[in-house]
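Protein chains: 4
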Amino acid sequence: MAAIKCIGILTSGGDAPGMNAAIRAVTRTAIYNGFTVKGILRGYRGLVTNEIVDFHSSSVSNIIQLGGTILKTARCEEFKSVEGRQQAYENLKAAGIDALVVIGGDGSLSGANIFAQEHDIPIVGLPGTIDNDLGGTDATIGYDTALNTIMEAVDKLRDTASSHERLFFVEVMGHTAGYLALNGAIATGSEAAIIPEMDTEVDQLAELISQGFRKSKNSAIVIVAENPRTGGAMGLAERVKKEFPQYDARVTILGHIQRGGSPSAQDRILASRMGAMAIQAIMEGQRNVMIGIQNNELVYVPFSRAVRHNKSINRDYVNLVKILSM
Amino acid sequence: MAAIKCIGILTSGGDAPGMNAAIRAVTRTAIYNGFTVKGILRGYRGLVTNEIVDFHSSSVSNIIQLGGTILKTARCEEFKSVEGRQQAYENLKAAGIDALVVIGGDGSLSGANIFAQEHDIPIVGLPGTIDNDLGGTDATIGYDTALNTIMEAVDKLRDTASSHERLFFVEVMGHTAGYLALNGAIATGSEAAIIPEMDTEVDQLAELISQGFRKSKNSAIVIVAENPRTGGAMGLAERVKKEFPQYDARVTILGHIQRGGSPSAQDRILASRMGAMAIQAIMEGQRNVMIGIQNNELVYVPFSRAVRHNKSINRDYVNLVKILSM
Amino acid sequence: MAAIKCIGILTSGGDAPGMNAAIRAVTRTAIYNGFTVKGILRGYRGLVTNEIVDFHSSSVSNIIQLGGTILKTARCEEFKSVEGRQQAYENLKAAGIDALVVIGGDGSLSGANIFAQEHDIPIVGLPGTIDNDLGGTDATIGYDTALNTIMEAVDKLRDTASSHERLFFVEVMGHTAGYLALNGAIATGSEAAIIPEMDTEVDQLAELISQGFRKSKNSAIVIVAENPRTGGAMGLAERVKKEFPQYDARVTILGHIQRGGSPSAQDRILASRMGAMAIQAIMEGQRNVMIGIQNNELVYVPFSRAVRHNKSINRDYVNLVKILSM
Amino acid sequence: MAAIKCIGILTSGGDAPGMNAAIRAVTRTAIYNGFTVKGILRGYRGLVTNEIVDFHSSSVSNIIQLGGTILKTARCEEFKSVEGRQQAYENLKAAGIDALVVIGGDGSLSGANIFAQEHDIPIVGLPGTIDNDLGGTDATIGYDTALNTIMEAVDKLRDTASSHERLFFVEVMGHTAGYLALNGAIATGSEAAIIPEMDTEVDQLAELISQGFRKSKNSAIVIVAENPRTGGAMGLAERVKKEFPQYDARVTILGHIQRGGSPSAQDRILASRMGAMAIQAIMEGQRNVMIGIQNNELVYVPFSRAVRHNKSINRDYVNLVKILSM
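So the sequences go chain by chain: P, Z, V and X. Just so you know, we're using the numbering used here here: the first sequence kicks off at 1 and counts up by one. Just so you know, we're using the numbering used here here: the second sequence kicks off at 1001 and counts up by one. Just so you know, we're using the numbering used here here: the third sequence kicks off at 2001 and counts up by one. Just so you know, we're using the numbering used here here: the fourth sequence kicks off at 3001 and counts up by one.
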């Protein structure tokens, strides 16, 4: 393999706070080590449609504090086809890009994995997603910020007068992973978290009403992971109206505000460290690995393992929510 | 009339950030001027059920920065009856309270107005509501904070990747008054505000889709005042799904988080000034007036005028939203 | 005078949050009304050194929420000379700029005033300064944000354990105007504000120690306007160490963080309204006026009056600080 | 040893955000497990002066989000003597307290260690300090919040216009440990961190001026750990004035605002987990251990090791600051 001279970088999937800090770290560490850098716009779509621009140190000035991603992201149907990926590869080669850094979540790294199997290009991934649902890493870039966003919203809710028998449902992201909901509930002292991982075991709303809530006869805040099956916060509020009409249910849906905002210190530092490590991985000849963090050490995680999410919910945390909101 | 020696204070209705700053200012200004102070819990309900406590300077220490109200609020059906108000008056007299300061919105001041007509007790009101829908005052305590809360949420939305043809609907409070929605749209550079004041004139969603939005072919953020008739943000998202299926609509519902949070500097200063003025009003023998602010001067507003909300929406503001988000 | 076709815009002096919102409003309102727009970089320096760029609607996209100014500011010695201003005028003419919008404080508008007397160019000013020390306007762009920045910092201080006989001095900007210090003290419930307007009357530190502070025997927070004469917070802390050694004094100096940060809702709305009004003023043939706000109405203020700061401190506010922090 | 029935809790030393979340978790986990709980006011001073109050579940309601500590802290000279500690022990026994949870930093745990050697009382410690300078734990309660406070302040600084050859010095806490300064610099993209750990090796200011700063000819932000030897930010600014007069130096001193503020999600969750673990430790018969966190697992750390701070600064982080701010 010829020596690597030019590194391309893209962000893909739902954006996550800290992506810009990662872009900055990748770019500047690459330049420091003698590489040239190219930015690919709109994720895989920009690869296919050839939206590739030169990146300099100044391209990433004053972005560490910004939410979103200066490289934009987009969905890309074409990249799901063999032909689309062939086009992407040809554009990469034409642009002189020898290695690729991909920042994104589950779907983005799966795409990288397939692309890497079809074409001879070293790819290193960074875990950028607020859902914290990737394998092989204790944390993902964006998770801490999203958790703080949820917390600050719920703190405001807590201020409002505690009326009798009122239920506040706050819907957060995570239709397959309850981390945000569960940790959000701990951080805010909420009365319960309704999470997908416990979906098949119990009727969490009925349990909440029958046990914890009825006791205190007071208002309760319940963090709800978005979930088509339960209908999320709206669905639960409607169930309350029908089945437990003595209660008053109010709904907050945070939606995409969870994906935005200036990244937290932890997310910026994580992104900076991981971004620098991505360049080191390329220099070491690594390919098809995601940078993960385990026990505060940066590690290489094969793509195949990164996208195999099988973290289970910690039952201790579920208990913590109950005990501490007594 | 005998000299006033003891002043009672209560908060009523939906809570608003800055109510605590007002409670603090009323309490300490009263004490400074030689009055004793009693706090009435849970609004008018506490008057009826006789939940009245002594208030000292230390009772209001370290509360200026807190959202909510340390006096709590509650709905009270009993106070809507003559008998309930009679009971309330007897409790007031038994507690030795000679004058009353009521902090709240529309309904609370209407209640005060009726109470004052039936019983001989001087009442001074303070405008405490995030809706800014009271007559005779340019601003209400809580409005500025709520506006900033909305702004910070929408700022985070703006960070997320601009995908093509995506509509973000953000529902805010104000089912009869579009101030929060309209000013929120100006402050965030949103593409449109859908407000109750324009309900009967045009189909605001159709106008948005046909004009502003289609032109840019890009994502747009629309601030929507809650409104049973349009179904709010959820109702609009469903209309989009049916009538304009080429667009992707996402929903955020801020809900009661708009009522909470640490008050802004402006709300704290307004509440402090108004609270001090309430005591001065009592000392001057005023009764049945709300403290308002007009042209940055504090004024007395008769209850009957305060609750006759007839501020109209400023068309210049509606135009400003359109022109500045081009 | 020939018709105005092209409007130049610059920011000058210390930056203030909301300047970007003003730039956006000026630019888009101008374009909406058929003008072309040019941005002048680095304030008057860019006029002299001819750093002028074309501005489009997209030039001001997504900046309403950003602190600082995308046009930058700088000091400019050359503009203080007749020759420098001559050069500036020639550059303006060469760029085809027919009218100028200047956003800045005292010094910037004084500069505009002189420039306008020497050269035939209509200039409209916007009050952009955190100090709120301009004549003819109730508020300046940036003041509300700075006040909230101070408030949030002092709120954190208040959290710390109240030890006996500890004095916290917090130094804020405003070496000639005590607005930020005085209103900051009201908004945070601080025990005192030490402001330049009262400098010659009393020894404010001695008064604080002898009266308010000694009574409570507790910690106190004192907001201090920067002041070479008192040495600011550091100077006061050293006086305490010498003259009142029984007290422990701690210092926070906020410095330039007061000039930054995402603008508050109020500053964004004020900047948006004023920016739109600046274009209207130009269309009406106004020149050498600053847009001011009085009693919530936008007004034209002659430059000569705008820079003649003679707002006096409201004694009621000084008393409010004392009474409410009892 | 008789069975433990009643657990006392105190906070000591400088306060740290998250202490209240820890108090809440200790209290409610204890009550859940059948213990009674007593709160000791003002740290060890309250032990000596017998300020001990009953604690119920409601005593810790609605405090998880508050900065500071509802139990207060204070310095206590008496506890440094054998007689003082004897008095403390007698008060503990008289109050029926069988075990003690101490939340604090270095000095507080050293005090606990001595107390435990002299008297037969099981003590479990929680690491509560913003300095993150305790042994045996990857994180301390309060550190993450303080880091975010620093970051938000520096972000605002970054907004201000970049003038040529201006140096901003921002002084942060940590006179023996540079974590806050170093990680603060990474999180904000600052140009340098001046930290005590590198004091003896190089003249960090001279190095900064001669290398990094001169190159860019632009403004730079430097995070400075408070340090009597260098004189902190003020001392450095004065050195600049003398030795490098061509530069303009501005100073921000954050001071005690770093100890306050609503705790971050991470600090609340850490405090909640550690608080619950403290009760489990007592139930397991542990004594004289601090709860630490290592590799995301809670562990027991002997007091003697906890107070032996010997974490060294990670050189990779120092390099990261340089490379990423190029």
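Fair warning: there could be bad hints in the mix.
[What the hints assert, rightly or not] Straight-line Cα separation of at most 35 Å, DSBU-like style, residue types lysine-lysine; simulated pairs:
| # | chain 1 | residue 1 | chain 2 | residue 2 |
| --- | --- | --- | --- | --- |
| 1 | P | Lys322 | X | Lys3322 |
| 2 | Z | Lys1322 | Z | Lys1242 |
| 3 | P | Lys80 | Z | Lys1093 |
| 4 | Z | Lys1093 | P | Lys241 |
| 5 | V | Lys2322 | Z | Lys1093 |
| 6 | P | Lys322 | X | Lys3038 |
| 7 | P | Lys242 | Z | Lys1322 |
| 8 | V | Lys2080 | V | Lys2093 |
| 9 | V | Lys2241 | X | Lys3241 |
| 10 | P | Lys38 | X | Lys3242 |
| 11 | X | Lys3038 | X | Lys3005 |
| 12 | X | Lys3242 | V | Lys2242 |
| 13 | V | Lys2080 | X | Lys3241 |
| 14 | P | Lys322 | X | Lys3093 |
| 15 | P | Lys322 | P | Lys242 |
| 16 | V | Lys2242 | Z | Lys1322 |
[Unchecked claim] Derived coverage of chain X by chain P (criterion: at least 3 residues anywhere in the stretch with Cβ under 8 Å from a Cβ of chain P; other residues may be distant):
| # | segment |
| --- | --- |
| 17 | 3049 to 3057 |
| 18 | 3060 to 3073 |
| 19 | 3226 to 3236 |
| 20 | 3245 to 3254 |
Think of the hints as simulated: they come from the structure by calculation, not from any bench. Keep in mind the model is a prediction, meaning the values are calculated, not measured. Yeah, the Cβ is synthetic: ideal placement off N, Cα and C, and Gly gets one too.
Checked hints:
1. Lys322/P <-> Lys3322/X: Measuring from Cα to Cα gives roughly 46 Å; hence the hint is violated.
2. Lys1322/Z <-> Lys1242/Z: holds (25 Å)
3. Lys80/P <-> Lys1093/Z: violated (77 Å)
4. Lys1093/Z <-> Lys241/P: violated (41 Å)
5. Lys2322/V <-> Lys1093/Z: With a Cα-Cα distance of about 32 Å, the restraint between Lys2322/V and Lys1093/Z holds, given a limit of 35 Å.
6. Lys322/P <-> Lys3038/X: Within the cut-off at roughly 22 Å; holds.
7. Lys242/P <-> Lys1322/Z: Given pair Lys242/P, Lys1322/Z is violated - Cα atoms ~42 Å apart, limit 35 Å.
8. Lys2080/V <-> Lys2093/V: Answer holds: Lys2080/V to Lys2093/V is near 19 Å, not above 35 Å.
9. Lys2241/V <-> Lys3241/X: Between Lys2241/V and Lys3241/X the Cα gap is close to 26 Å, so the pair holds against 35 Å.
10. Lys38/P <-> Lys3242/X: violated (44 Å)
11. Lys3038/X <-> Lys3005/X: Status holds; Cα separation ~11 Å.
12. Lys3242/X <-> Lys2242/V: OK: Lys3242/X and Lys2242/V at ~27 Å, within 35 Å.
13. Lys2080/V <-> Lys3241/X: holds (26 Å)
14. Lys322/P <-> Lys3093/X: holds (32 Å)
15. Lys322/P <-> Lys242/P: holds (25 Å)
16. Lys2242/V <-> Lys1322/Z: violated (61 Å)
17. 3049 to 3057: violated (count 1)
18. 3060 to 3073: It holds, with 3 qualifying residues against the three required.
19. 3226 to 3236: violated (count 0)
20. 3245 to 3254: Coverage by chain P is violated for the segment 3245 to 3254 of chain X (0 residues, Cβ < 8 Å).
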